[in-house]
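Which chain is which? The protein sequence lines are A and B, in order.
Under this note's numbering, the first sequence has 27 at position 27, and the numbering climbs by one with no breaks.
Under this note's numbering, the second sequence has 90 at position 90, and the numbering climbs by one with no breaks.
If you're looking for bench data, these hints aren't it; they were derived computationally from the structure.
Please note that a few of the clues may not be correct.
From chain B, some residues computed to sit far from chain A (all C-beta separations above 12 angstroms) [as the list claims (entries may be wrong)]: (1) A29; (2) E36; (3) G69; (4) R104; (5) L111; (6) P153.
Okay, the calculated bits of chain B under chain A, using three or more residues with CB under 8 angstroms as the criterion [to be verified]: (7) 16–24; (8) 56–63; (9) 81–88; (10) 120–130.
Residues from chain A shown here face chain B by an in silico Cβ test under 7 angstroms; the list is partial [what the hints assert, rightly or not]: (11) V21; (12) L22; (13) R49; (14) G135; (15) F141; (16) R209; (17) D210; (18) V266.
As the structure is a prediction and not an experimental result, all values here were calculated from the model.
Ideal placement from N, C-alpha and C gives every residue a C-beta, glycine not left out.
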Amino acid sequence: MEFLGQDRREGLGRKANSRFVLFLLIAVSVLLLLSSLYSAQASVFKKAREGVIDAASPVLEFFAGPIAYFNDVTGSVSDYFNVLEQNKALRQENAELRQWMEQALELRETVAAYQGLQSYAAPPQAQPIDAYVIGEANDAFARSMIVNAGRIRNVESGQAVVDEKGLVGRIVDTGAHASRVLLLTDIQSRVPVYIEGADVEGILVGKTRDDPTISFTESSAPIEVIPGQRVLTSGAGGVMPRGLPVGFVEGMAGDDILINLYTNYVRTRLVRIINYEFPAIGAGGAEEAPTPVESDGPAPAEG
Amino acid sequence: MGYRAENLLRLFKAAAPTLLGIFGVIILALPVRLFEGAIPTPIIPLVIVFFWSIYGPNYLPALSVFLIGLLQDLLTGGPLGLWAGVYLVAQFVVMSQRSYFMGREQKVVWLGFALVAAGASVILWLVMSLMSGVLLPAGALLFQMLATVMIYPLFGVAFGELHRRVLVEV
Chain A
1 MEFLGQDRRE GLGRKANSRF VLFLLIAVSV LLLLSSLYSA QASVFKKARE
51 GVIDAASPVL EFFAGPIAYF NDVTGSVSDY FNVLEQNKAL RQENAELRQW
101 MEQALELRET VAAYQGLQSY AAPPQAQPID AYVIGEANDA FARSMIVNAG
151 RIRNVESGQA VVDEKGLVGR IVDTGAHASR VLLLTDIQSR VPVYIEGADV
201 EGILVGKTRD DPTISFTESS APIEVIPGQR VLTSGAGGVM PRGLPVGFVE
251 GMAGDDILIN LYTNYVRTRL VRIINYEFPA IGAGGAEEAP TPVESDGPAP
301 AEG
Chain B
1 MGYRAENLLR LFKAAAPTLL GIFGVIILAL PVRLFEGAIP TPIIPLVIVF
51 FWSIYGPNYL PALSVFLIGL LQDLLTGGPL GLWAGVYLVA QFVVMSQRSY
101 FMGREQKVVW LGFALVAAGA SVILWLVMSL MSGVLLPAGA LLFQMLATVM
151 IYPLFGVAFG ELHRRVLVEV
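Whenever a hint applies, use it, and build me the whole structure from the sequences.
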């Protein structure tokens, strides 16, 4: 520490930033890169990530409030110019939603009647964990967010994260007080989904673009999709619950089916992490996708 | 001022660019969404590495640059060593051209920064494309680098004032 000050006094001490150290550190960086190529999930790296998220979370949390305020101020500047159109659109949407509400109320009564039947067994309830977004990778290629809930609140890797619109991503790193959410647009993101009405299971693949695509596990025949069809999580793999809204089919780009996500990452502030335990099914059933929870037979409610 | 306080101040001055770099990384890790995400967050650590590699390499030793980059890798969740390597290569390139940049007009230095940012973009894109096995769309990266280059004059002036008036002054 002492030599830093002395070095300043000397002014032009050229040895302080030596080429040797620079080259050595470049070599270390390349080695780190190469090793993360072969072991991206190496426990040492994962531990380091989780530790840094944890250590940085108080700082991030401290700044997240003012940043959110600042975002609101800058974001609303453009709103002033189209407030009338927005009002019109919202009024129309409100009218449509009221119709949906009537239908929903009717359905609620019907469902209540069915639930009254003797043979009904409730599906296991998910345990939601609410958290704020306190960090976001402002990086062109790494798409992730940091939320202020961690192991202490039962957050685990793989759990689904949703906001008020739909699926946001899934947990990849968990510190004690904060965790990282891998967004659906990240190049590493793979989420099992199905297209409503098409009855095909597929994998939602992130492309670092705004719209992820669906690739199918068994692409025997070309799959017919209609733009506007809903895409929901399939629950295959047994981590995320089935039926979380993801987005809708936007169209085709070559062989890929482009999906427009319901969630808008620019507005994601409050999220819900879904701590869900699947009803126990036969061990070793990895080949077969789990049966939908809604239509599942009697199963012991866990967690 | 006591001897101790003076020493502390000296230490703080010597560490100022490093601390600024760390702060720049924290800004990159915060949910900053300028104009609803229309403008990407500028990569301020790159500006800091560039500036002090020209005007005061002793204030930003390679170890500091490495740590700033590593922190960014750890916080953004990318592959470890990527940003650390990019910043270090940037420092090496800039330091090798230091005698050219010293005392030049700010316009020329700005152009130099644009070239460094372009070089960094190429490295980032190549490495990430290699690691993910597909050619990634480069639009978002170029846009972010463009935002960084656009804000350089502002930060260049601010860092210049800080460096001349606060850090170097005895």
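Comparing the hints with the structure gives:
no., hint, in the structure
1, A29, "5 angstroms, violated"
2, E36, "4 angstroms, violated"
3, G69, "7 angstroms, violated"
4, R104, "19 angstroms, holds"
5, L111, "23 angstroms, holds"
6, P153, "21 angstroms, holds"
7, 16–24, "violated (count 0)"
8, 56–63, "holds (count 7)"
9, 81–88, "holds (count 5)"
10, 120–130, "holds (count 3)"
11, V21, "5 angstroms, holds"
12, L22, "4 angstroms, holds"
13, R49, "5 angstroms, holds"
14, G135, "5 angstroms, holds"
15, F141, "4 angstroms, holds"
16, R209, "6 angstroms, holds"
17, D210, "9 angstroms, violated"
18, V266, "4 angstroms, holds"
When the structure is compared with the earlier hints, violations turn up for hints 1, 2, 3, 7 and 17 and for no others.
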